[in-house]
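Engineer: If you read the protein sequences in the order shown, they are chains P and B.
Heads up, the first sequence stops at 684 in full-length UniProt numbering, and the numbers go up one at a time, no gaps.
Heads up, the second sequence stops at 684 in full-length UniProt numbering, and the numbers go up one at a time, no gaps.
Any given hint could be a false lead.
[Stated by the list, open to error] One-sided and incomplete, this derived list gives chain P residues near chain B with beta-carbon spacing under 10 angstroms:
1. P3
2. V4
3. L176
4. E322
5. E346
Just so you know, these hints were derived from the structure itself, not from any lab.
In this text, a Cβ means the ideal position worked out from N, Cα and C, and glycines have one as well.
Protein chains: 2
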Amino acid sequence: MKPVFDYFFYPQSICIVGASSKPKSLGYELTKSVQLYGYTGKLLLVNPKAEEILGYKCYQTINDVDISIDLAIVMVPKQFVEDSIKVLLNKNVKAIILITAGFKETGEAGAEAERRILSLIKNSDARMVGPNCMGIINTLPSVKMNATFVAEQPREGRMAFCSQSGAIGAAVLNSLRETDIRFGQFISVGNKADVNENDLLEYWQNNNDVGVITFYLESFVDGEKFIKYFIEGKINKPVIVLKGGRTSSGMKAASSHTGALGSSDKVVDAVLHQFGIIRTDDLNDMFNTAKGFEEFPIPQGNRIAVVTNAGGPAILTVDSLEKNNLTLAELNEETKKKLREIVHPEGSVNNPVDLLPGGTAEQFKTVNEILVQDKNVDVIISVFVEPIMVKALPVIEGINEIIADKPIFQVVMPLPEFWDEYRRESKTRKPLFRFAEDPAVVIKNMILHSKKKDEKRLSRQSVQIKINLNDYANKFLPPEIVGELVDYYLLPRVREKIFSYEEMLEENFVFPIVLKAVGEKIVHKSDLKGVVLNIKTKDELIYQADEMRKTFSQKNIELKSFLIQPFLTTRFELLVGAFRDSSFGPMIMFGLGGKYVEYLDDTVMRSAYLCEKDIDEMINSTKIGKIIQGVRGEVPADIKSIKDSIRNLAQMMLNHPEIKEVDLNPLLVTNENKIFAVDVRIKC
Amino acid sequence: MKPVFDYFFYPQSICIVGASSKPKSLGYELTKSVQLYGYTGKLLLVNPKAEEILGYKCYQTINDVDISIDLAIVMVPKQFVEDSIKVLLNKNVKAIILITAGFKETGEAGAEAERRILSLIKNSDARMVGPNCMGIINTLPSVKMNATFVAEQPREGRMAFCSQSGAIGAAVLNSLRETDIRFGQFISVGNKADVNENDLLEYWQNNNDVGVITFYLESFVDGEKFIKYFIEGKINKPVIVLKGGRTSSGMKAASSHTGALGSSDKVVDAVLHQFGIIRTDDLNDMFNTAKGFEEFPIPQGNRIAVVTNAGGPAILTVDSLEKNNLTLAELNEETKKKLREIVHPEGSVNNPVDLLPGGTAEQFKTVNEILVQDKNVDVIISVFVEPIMVKALPVIEGINEIIADKPIFQVVMPLPEFWDEYRRESKTRKPLFRFAEDPAVVIKNMILHSKKKDEKRLSRQSVQIKINLNDYANKFLPPEIVGELVDYYLLPRVREKIFSYEEMLEENFVFPIVLKAVGEKIVHKSDLKGVVLNIKTKDELIYQADEMRKTFSQKNIELKSFLIQPFLTTRFELLVGAFRDSSFGPMIMFGLGGKYVEYLDDTVMRSAYLCEKDIDEMINSTKIGKIIQGVRGEVPADIKSIKDSIRNLAQMMLNHPEIKEVDLNPLLVTNENKIFAVDVRIKC
């Protein structure tokens, strides 16, 4: 049996329910698009009033259709949607696109109608795209389907694009003549009532006509499921996401628009990066990156050679390299020697290589060929500003023709007539960049994708002790259970013990010690004056304990007992923490701790499905992480123990889905470079 | 007498020395550009071989020219340049543009030739633009001069553009048909041997045909002079700078390209921002911002209303607001009431206002008019994605016609035919934006320019004490002189005293104290183990002093004497420092201090020509600056004293040009919120 999504993208028949004979109506324009683009299958139209539309015979009702329907596109007024869907399901249609709007995005009544439709779908073996969407495209010559309102003629390609916003999808389609974007498949998913990004991710990974997967999303329906495809190594195609609703007010706009609830943007950023999923800031970067994957080899490193005939644009290119963590390659001496024979003596054979405005097509080609041979070069960016005496087309074509295992990205700033000429006359029609800054982002993104992905990652394990966390929903765990968890997960806790006031009087301590108040309502101990550090004698201890009892009784907070810890001299205060994101699940944090943690803002987060490289990256990407590894000739802290804490806490989050938040703040590094979690708080 | 730059931009005659009859040569193409664009003055050509070029009579030599020359454009081969310039100066020509390349940018021989030419110019009352440049434009109908190689027909405008790179200039001119950029004046300044950005800044400020000043620069010839125009209130037009060579390797590329030496990019960023000079990252933002100033009122605040007919693009717009420090306006209840009468019930009357795809031209116009009336709204961004049933042109034109004291920026994502139609049929032809993210940057930039500029600023003052710093070039000042400076500038120093070993034995101290080693080569005291904190008794003091003597004698470093300070308990370690930038002059820094200062990277810098707002901004723009103002309910530090330290140190830098660096690190905030400079180092 063929996969259900093949009915969407490779239908042998399409039935447009709600086709219209009225020009400028959606039902007419979509039908016209299908016709104009030359759909190879059977087009079936349903309209109760028209006999014929655009030369196609119309059926009065769906039931009148006497040919098997692969894909139904429903665009009837919303009051007729439910009935139409029922009839389609009765006819055993597997693929339905519901274009009609007016559902969840409009409020509670619409949401209720959407739920009713969804339950019809869930009780069938059909899948539904939408509602509130704008159609589907497959450019493959054997299909030739443009079932959208946009009557453009997209060129064939191997990129797949899913847009949560119909308008963004339409804007992209309307820009094709200028942007030269090429599609394989496009789908607008609207409210994502049934089919969502997770379905498409899985489908496109397994579809041989697709090479690069791109998404415009305003929400992740189930972020943890999305990343699990990557965690489990099921995805190896490049995936590029433009996530709208980056800022908190953007997210508000997103929510009111499709009723979607976005995850915190920092989580999205961290998680996508962790699993080599490319995130871009705008459509231009997204499609440039997609073109990069489609038409160029993947860069093997970040050392860039720049060739140019003009200094200024080359400078802008170089500026863009460092911004994207790329470096200017140090050219081989051999390379420079060869270049000297070609480059004008007043030009430059250092990187950037400058051919001066007189540089010819032949020189450009040869210089690029020489640079391809240089082992110190991973990528070439060739920047050509068209002067009067050298025509652009032969320069560009000459370089396009070079066959190499390294990418050569061309930036061209031509005379105004060039673009039409290139579209008309170029044999290769490889993507060109218009701005000196454009290739750097593409290179950075391609390198991110090529990061090794088959690292061993943490996963949920069965727990060998009995800890029942069900009773603590929305509560902090009591010290005993915290203690059990801390011991089980080998978190480096301070040797500490709880005493009643009387027991404390009896005990012999090794001073100096720390005294802390314990009680159900005593959470932020410091703020409540429930902590005294560096107590040096028994007399001082008794005095401080008495003071504490007074303070708490004045505040009417129950002081149940006292916690005694050794007093540690602090070299650094770190933070290791965890929380459960509503979409992406368990997350782990590391960074600079202490009481100013929010203000100093030197923390990093990752999904708790960690690999060892992630842990290294967490430490290296914070300022404090660099400092504790030893700067200014200092002795490094015990990095192994810190990594263990991060890893073990992540494991705790994976094993206990009941736990919502854990805070090891501070995780102390002492003057002796010992690591201690001083205060552990766990919330369910 | 008319200003010399009027000879450049408003010449009544142009003499092209080196005009050529050979198509595709620069000397031919420039002549043709002048002719095609319809220059209104006299065009005089000099060529020893041709009788006539493009219908103009040729003079054999410059001396044969029998008409007075306002502007000479020299493009002869470089070996003839010097002679040509001599002859022109003899003929008393005031304005020379030297197009020919092959000077400083090619090495020492070229630099020497350039210096010879410059000295000819300096000994005359003429000014020279170039060498190594590509021409000049004035679009004013009474001038109509396009003396560049680019035979485009730029439309008239009030923007002036100076490009240090000829290629960037050419690329911009070649893009005019697509970008709709309009110029008043354009000049390519090449190597800037004589005329540079400072001359043009001053000239354009005083030129009534210019409304907005833009620069593409790779270096500032004299950054301190550039900013002094602003400090002295001489510039009130918007100035926009795109500075190439942002990253250190970009700067290297810039140096090899025009022999320019760039300032550290952080300095450029800080200084431009401080004086309300707009810096953009790319040409697109630069010219979008210029269009903003030219065609729209200046925003009175940062509260933005967004109108749209499509959710997705509106989300991208909202995302771009927060990134640029703008906020979504809270619409008035009155406004929402009025909007409800127009907006479809399934749309939204909250910000972003969503008219849904059916929103008509009339609705768009009325909604924009209503939002203009709302006192909570400073700027409107109207985003229109062209659906099938509503044509874009009437929507866009309707909004363009609104007369308002607030800017309405329009983003349009139209059907492909729209742009030609707009250029052909629009009466207003106001700038439109193609990407949802574009207006936010423009708004941010316009707001930066409108910042109050007439604040009182620090300036150089005469010094009332005699301190001779001439003997200390490249040296650290000795403690006595540091002491004098610190006292004179009221820097909050710790009461400290220097003792010989023997004196120390005699003295009675109030403990606890700090002991520090003093010696000519002892600069980074902590690293050399020359600091002991918290000494509590005389015995401990003697023991530590003895240890220190041993350590330094082992290291063979002379320990001259001992510095004793009271031991202070530290709440925060700040940094206040200063340095002299090679281009922009005295700079002042503030931020998080202590030994990890470079790693924690929480510092901010400004030119020492400070106003009070700058000082506030310095404190507020660092993390530590926010913390010391009191977070988590804590008592604020003594902010007044900290500001005094910043201000007084800036004054010291302004008064003593000999001082190259000053470091107050740490500037301690004690547990009692007292401020103390513990270690003051000054280098000349």
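Engineer: Please go over all the hints and tell whether each is borne out by the structure.
Structural biologist: Here is how each hint holds up against the structure:
For P3/P, the interface hint is violated, the least distance from its beta-carbon to any beta-carbon of chain B being 28 angstroms, above 10 angstroms. Against a cut-off of 10 angstroms between C-beta atoms, the interface hint on V4/P is violated, since the closest Cβ of chain B lies about 27 angstroms away. The closest approach between the C-beta of L176/P and any C-beta of chain B is roughly 8 angstroms, which is under the 10 angstroms cut-off, so the hint is satisfied. Among the interface hints, the one on E322/P holds; its C-beta lies about 4 angstroms from the nearest C-beta in chain B, closer than the 10 angstroms criterion.
With a cut of 10 angstroms, the hint placing E346/P at the interface with chain B holds, because the nearest CB-to-CB distance is about 4 angstroms.
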